[in-house]
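There are 2 protein chains.
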Amino acid sequence: MHIAITGAAGFLGQRLVNQLLARGQLDGEAITRLTLIDQVEAPKPDVKGVEVECLALDITSPGALDPVLDERPAVIYHLAAVVSSAAEADLDLGMAVNFDATRELLEGCRQRELSGTRLVMASSVAAYGGDMPVVLDDMTALHPQNSYGTQKAMCELLINDYSRRGLVDGRVLRLPTIVIRPGRPNAAASSFASSILREPLAGEQAICPVPVEQELFVMSPAKVIDALVHAAEVLGESIGAFRALMLPGITVSVSEMLEALREAAGDEAVARVRHEADPRIQAIVSGWPARFDTEKSRELGFTGDRDFKEIIDAYISESR
Amino acid sequence: MHIAITGAAGFLGQRLVNQLLARGQLDGEAITRLTLIDQVEAPKPDVKGVEVECLALDITSPGALDPVLDERPAVIYHLAAVVSSAAEADLDLGMAVNFDATRELLEGCRQRELSGTRLVMASSVAAYGGDMPVVLDDMTALHPQNSYGTQKAMCELLINDYSRRGLVDGRVLRLPTIVIRPGRPNAAASSFASSILREPLAGEQAICPVPVEQELFVMSPAKVIDALVHAAEVLGESIGAFRALMLPGITVSVSEMLEALREAAGDEAVARVRHEADPRIQAIVSGWPARFDTEKSRELGFTGDRDFKEIIDAYISESR
Ligand SMILES: NC(=O)c1ccc[n+]([C@@H]2O[C@H](COP(=O)([O-])OP(=O)(O)OC[C@H]3O[C@@H](n4cnc5c(N)ncnc54)[C@H](O)[C@@H]3O)[C@@H](O)[C@H]2O)c1
Ligand SMILES: NC(=O)c1ccc[n+]([C@@H]2O[C@H](COP(=O)([O-])OP(=O)(O)OC[C@H]3O[C@@H](n4cnc5c(N)ncnc54)[C@H](O)[C@@H]3O)[C@@H](O)[C@H]2O)c1
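As they're listed, the protein sequences go chains A and B. For the first sequence, our numbering begins at 1444 and goes up steadily by one. For the second sequence, our numbering begins at 1444 and goes up steadily by one.
Isolated chain A, as found in the complex (with noise of 0.2 angstroms):
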């Protein structure tokens, strides 16, 4: 089987690429090739049996993936994204990125007749926004409040349509806020959720900068990447009417997430986090749904976090 990944050389690109090398198969399938595309090329991993490709290119340059689109991939897992803050500061750079890369790859598919290619997007949770319920389901309807946003439902949309089409098998995930992200704090409203565990966790100290009752929508990375290859896996048909569906996240509040920190490191780990409010900040993530019936999901055999504590536990012993 021959697996094509953009974003390869990203976050969840990376870790899927080790995950798929490491099950050496895919719905039954021994995996033979995998192509990993980027604009930073990934890094080539080597693994018997398996033939890889790692192409440096910019998808949003035309024809770009005519060359592996050719080679007709059995999995296409798509990636590659500008994030929330870049597709904010410039809707040229998103649209061109996170849309018409999209489309030209629907485009593509649809012109090689790769009806049987499946299509895995990564779409998120930012694509809800304005008057939500207080619990959403997959029948909320996506009034995104930013860029990024706009464009994964935009994308959403359009690989409904080829899929419903049968131009192409596409599955979109909205993903939860991914926590624990490893790495530094950076510029994103999100990086708290990640930086309060993980730098007391290191000795280090933290910032908190919303009240500590603010719930998230939160899956460790592990299990987002479970779900990708699990959605690779599932009937498209089985996804029903639409082919996009919000990912079995858990909520939790910042203060169960200190609570889940102290258990887990103790209150010297907890300390070393320093609350000081932002409003900046509070304004974004405040705005963020926190509560999700994810029935359609779980039906289909997607997994989430247990607690967490889980979620903190299986940081800990990776980062070990």
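Keep in mind that the hints were calculated from the coordinates and are not lab data. Remember, it's a predicted structure, so these values are computed and weren't measured experimentally. C-beta: ideal position from N, C-alpha, C; glycine also. Be aware that a few hints might be false.
Which chain A residues stay away from chain B? Per the calculated CB distances, all over 12 angstroms, these [what the hints assert, rightly or not]: (1) A1465; (2) A1473; (3) R1476; (4) E1484; (5) P1488; (6) A1507; (7) L1512; (8) A1529; (9) L1534; (10) R1555; (11) G1572; (12) A1630; (13) H1673; (14) Q1725; (15) K1739; (16) G1744.
Ranges of calculated distance between the beta carbons of each label pair, as one might list FRET restraints [to be verified]: (17) A:G1609 - B:Q1648: 34 to 40 angstroms; (18) A:R1546 - B:D1513: 38 to 44 angstroms; (19) B:A1757 - A:G1679: 45 to 51 angstroms; (20) B:S1729 - A:R1546: 27 to 33 angstroms; (21) B:S1729 - A:G1609: 31 to 37 angstroms; (22) A:G1646 - B:E1556: 50 to 56 angstroms; (23) A:V1655 - B:A1757: 39 to 45 angstroms.
Given the structure of chain A, go ahead and fit chain B with the ligands onto it with the hints provided.
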């Protein structure tokens, strides 16, 4: 005030032109200039004090609208579109006219900093679909089951984002099924909804292809035009976090429609309707949502028809 209208030669476009000219003003400002744009040249109305220009152009050709936008119209009605069946038959045509041309229009406004220009677009009940609740509202997800609805939903998202960014002042109305349309029966699945009234009223036979229990969500042409006028007059911000909304149609069953026909034109009119099930049309029409909570548009001052009798009576007095 300068108003530009795309699709001005069409069914709604022509009625809107007449209504605007009859009113003479919009939002308290005298209408001094109309630019009527359509692939088919719109007839030129001759009204004192209003400069009217009729442009025959294809809005999908690059830069086609540039000269119009250079004149910085205060209001743009964007009604040009290919209908549902055409968009389904030809994906490229539908994407070009229904989506790309809208995007190009938005870009044209952005480049010229027409942030105050009120852009009114018509979306459709066809954007809804899939596993819908019995009663829909503005927070019901758009899961279109046809390419036309997909393209409309994508335009809604884009117009909302451009408005949120302050690049234009957009408003999108989701139109119910419009009855009674004048003219002849056509290939559209909705054709019967007008035909079973219009033909009997003209002494002709008509075919009803769906069970009389079938419900529809409908609005008269006159109320749709009133809504288009009103859409340019409401404050953009008052629409809230998403710039698209469903108009307050009324829910009516086919048997209620026929009962209203009986009241207006007697038993002999109803006897001209032959009931002949058409499974293909039934399958399409039964997927259309028929019940909506349209509190939001009502609060904003949009009004619908009082009942179906009013719709028939208006049609009769109009066609005299
Ligand atoms: N991590 C999250 O919290 C999260 C949440 C929701 C959705 N997502 C989505 O999941 C996907 C992967 O996210 P991630 O966290 O791995 O992001 P990431 O930024 O780490 O990876 C994205 C990759 O895309 C590549 N890329 C960007 N523009 C490109 C271009 N023009 N051509 C080729 N490659 C390009 C980047 O180089 C990067 O390696 C994205 O689609 C993202 O929107 C992520
Ligand atoms: N009538 C309805 O029941 C209904 C319902 C929902 C939404 N709408 C929407 O309302 C709007 C107007 O509908 P209508 O019933 O007047 O449709 P219509 O078909 O009568 O008018 C559309 C006009 O657009 C023009 N047009 C099409 N492609 C063009 C192009 N490339 N360049 C320039 N002009 C082009 C056509 O020539 C036509 O005059 C459309 O956007 C339609 O999707 C209508």
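Hints, verified against the model:
1. A1465: holds, 35 angstroms
2. A1473: Non-interface label stands for A1473 of chain A: nearest chain B Cβ at 35 angstroms, farther than 12 angstroms.
3. R1476: holds, 30 angstroms
4. E1484: holds, 32 angstroms
5. P1488: The claim holds: P1488 of chain A sits with its nearest Cβ about 37 angstroms from chain B, beyond 12 angstroms.
6. A1507: holds, 20 angstroms
7. L1512: Since the minimum Cβ distance to chain B is about 18 angstroms, L1512 of chain A lies beyond 12 angstroms and the statement holds.
8. A1529: Its Cβ never comes within 12 angstroms of chain B, the nearest being 15 angstroms, so this holds.
9. L1534: Contrary to the label, L1534 of chain A does not stay out of reach of chain B, its closest Cβ about 7 angstroms off (not over 12 angstroms).
10. R1555: R1555 of chain A is indeed farther than 12 angstroms from all Cβ atoms of chain B, at 15 angstroms.
11. G1572: Non-interface label fails for G1572 of chain A: nearest chain B Cβ at 6 angstroms, not farther than 12 angstroms.
12. A1630: Check passes; 19 angstroms lies beyond 12 angstroms.
13. H1673: holds, 21 angstroms
14. Q1725: holds, 18 angstroms
15. K1739: Given a closest Cβ separation of 9 angstroms, the condition is violated.
16. G1744: The claim stands: G1744 of chain A keeps its Cβ more than 12 angstroms from every Cβ of chain B (closest is about 19 angstroms).
17. A:G1609 - B:Q1648: 34 to 40 angstroms: holds, 38 angstroms
18. A:R1546 - B:D1513: 38 to 44 angstroms: Once the Cβ atoms are compared, 29 angstroms apart, the range 38 to 44 angstroms for D1513 of chain B and R1546 of chain A is violated.
19. B:A1757 - A:G1679: 45 to 51 angstroms: Holds, at about 47 angstroms.
20. B:S1729 - A:R1546: 27 to 33 angstroms: holds, 31 angstroms
21. B:S1729 - A:G1609: 31 to 37 angstroms: violated, 22 angstroms
22. A:G1646 - B:E1556: 50 to 56 angstroms: holds, 51 angstroms
23. A:V1655 - B:A1757: 39 to 45 angstroms: violated, 59 angstroms
Of the numbered hints given earlier, the model fails hints 9, 11, 15, 18, 21 and 23; all others are met.
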